[in-house]
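There are 2 protein chains.
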Amino acid sequence: MKNISSFKKECDGALIEFLQKKETELSTMSNDASILIRIISSFIQNGGKRIRPALYYFASTSYGIDKNEAMRLSLTFELFQTFCLIHDDIIDQSPLRRGNKTVHSQYNIPTAILAGDMALMLADEIFFEKPPSASVKQTYDTFKQEVLLGEYLDSTNHPDVETIMDLKTARYTFIRPVELGLQTAQVDQKIIDTWKHIMYQIGIAFQLKDDLTGVYGIEVITGKSSDSDLQEKKNTYLIELFKQNASTDQLKVFNNLFKKKKLKSGDCDQIRSLFTQCTIPTLVQAEIIQKVNNSKESLHSIPYVKLHDLVEEVLAHIVDFGMIMT
Amino acid sequence: MKNISSFKKECDGALIEFLQKKETELSTMSNDASILIRIISSFIQNGGKRIRPALYYFASTSYGIDKNEAMRLSLTFELFQTFCLIHDDIIDQSPLRRGNKTVHSQYNIPTAILAGDMALMLADEIFFEKPPSASVKQTYDTFKQEVLLGEYLDSTNHPDVETIMDLKTARYTFIRPVELGLQTAQVDQKIIDTWKHIMYQIGIAFQLKDDLTGVYGIEVITGKSSDSDLQEKKNTYLIELFKQNASTDQLKVFNNLFKKKKLKSGDCDQIRSLFTQCTIPTLVQAEIIQKVNNSKESLHSIPYVKLHDLVEEVLAHIVDFGMIMT
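Sequence lines, in order, name chains R and X. Going by our numbering, the first residue of the first sequence is number 3, and it counts up by one from there. Going by our numbering, the first residue of the second sequence is number 3, and it counts up by one from there.
These are computed hints drawn from the structure, not numbers from a lab. Remember, predicted model here, so these are calculated numbers, not experimental data. Treat the hints with care, as some may be off.
Stated by the list, open to error - Simulated pairs of lysine-lysine, DSS-like, Cα-Cα distance not exceeding 30 Å:
(1) R:192 - X:235
(2) R:264 - R:226
(3) R:69 - X:235
(4) R:103 - R:51
(5) R:198 - X:132
(6) R:198 - X:23
(7) R:132 - X:245
(8) X:192 - R:23
(9) X:235 - X:266
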């Protein structure tokens, strides 16, 4: 992805520079405690696509915000994401993240809690460096709090999958970073609303693709076990759709498998086969394609800006089903 | 305490009102997830003296800040404290706080992490409602980050007790809330520096008193076991002072006791007796009184304002040794 990968390079340079400065500053208070910054720094350098900072950056620079200022503010989104992931990994008891040990596995829960807290504080430190407008500030508060609500629902295995998808992916990853960029650039509210509608469609499509990959992904391409979502009993849209489409017998077989304490690989194969019988992957793919097409149509209604290119890249990535078992 | 207790009443009213408004707002996103707000609300209503918001409030109103505005901003300090305590309790694996179950004991670790995160976000939501000056914003960032560093050192049983005391108590509870109030009121830097010096002395005295009470407190008055600090192997100034004053034999007895995995009540009595032989409680009391007297002297150098009364109350509380075994 041309735009994202070149953005990532520049963004990471700025992030590392900021964190080095911060480490120096905090080490005057306590040299030993500045390890919290080094943890954040190596976490960030271990991977990630920088999709949220990129969306913010292209949204604001597309409408006239100075590039240096936009780059500086975009760091907020990656630091906030670092906070989310470090705490989420404790909550989900995940041993691995991006192929490396999670922070709490490498250190311990106290250190991971504090490193996550620090990442959130750094996100705010950058965001409020220059006072944002009242509306930008309000959207930023909402952006932060929404994702916590989504995470809470997720942590309790709440059955309302659509609300979780909406809060954790559509709003958090897509709608809010773009909205904040556009609000900062004082874009007309009608244009903001159209972009938000597009980002909502993309957000849901992105999540559906993620759910599909989680169960039907080819492991050597995705780098993630295609059994893990099922084994974690993750309540995804695939399961919801299956429940709506399955016969009483199919549902009975599924429920008997899914209530097992530990799903074996064979159990997962059987569930996948049940899903396939109900054409779930085809239905989900169709829904993804429909949402992507809707987005493309709406994109044409907005005069071209650089943000279009980034969004097209994201859309191309979503409709690439090369990593899906067929 | 006249000033603090009447302040607490008003502050709690404002806190509850804010949290109710917030709960209504967030329940439109997800009714079930707004429990995070209710957790924060009942945590706050379970106790606490509101010393940090009171210091902020009296510091800013003493120098001309509007009372309503100061009260609104003071809520930041109690919400931030709520964040600290909820996360600290997970870190320290404490089952009880203020006589009630800690949040992670009553619910679970994921919910406590998220409730703490939410409290931090609410503290920021209030603090940035009206854009603070650049210097106030910088002090606020420092205030937040310092306490994390202190907590990190504390969680690793770091031997530098003085730095921990400085970060976790002197700066966090006393210096920064007053400094932020004075900076908001644009008080002359020389006056700010004098107040900071006073608050530093008070902070250390307060921590020493807390350490003394932790080992020599009369349980029926303090409501806390006087064995718990020792049993938690808390590295306090009492222990540091003992190590400096003890004979080789006394040190040997102490080390043999302290390295035990679980200290029994008799072991704690023996440690207390070793401390007493080395006149540790008398030395600590003397140091507390000296710091309090230094503060009083410095207080006279600043023209009288309402903040003086609050500080006098705090000092009177610190030099009250009625709960100490003699």
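Consistency of the hints with the structure:
no.	hint	result
1	R:192 - X:235	61 Å, violated
2	R:264 - R:226	18 Å, holds
3	R:69 - X:235	53 Å, violated
4	R:103 - R:51	19 Å, holds
5	R:198 - X:132	27 Å, holds
6	R:198 - X:23	26 Å, holds
7	R:132 - X:245	49 Å, violated
8	X:192 - R:23	29 Å, holds
9	X:235 - X:266	12 Å, holds
Consistency with the previously given hints fails for numbers 1, 3, 7, ordered from lowest to highest.
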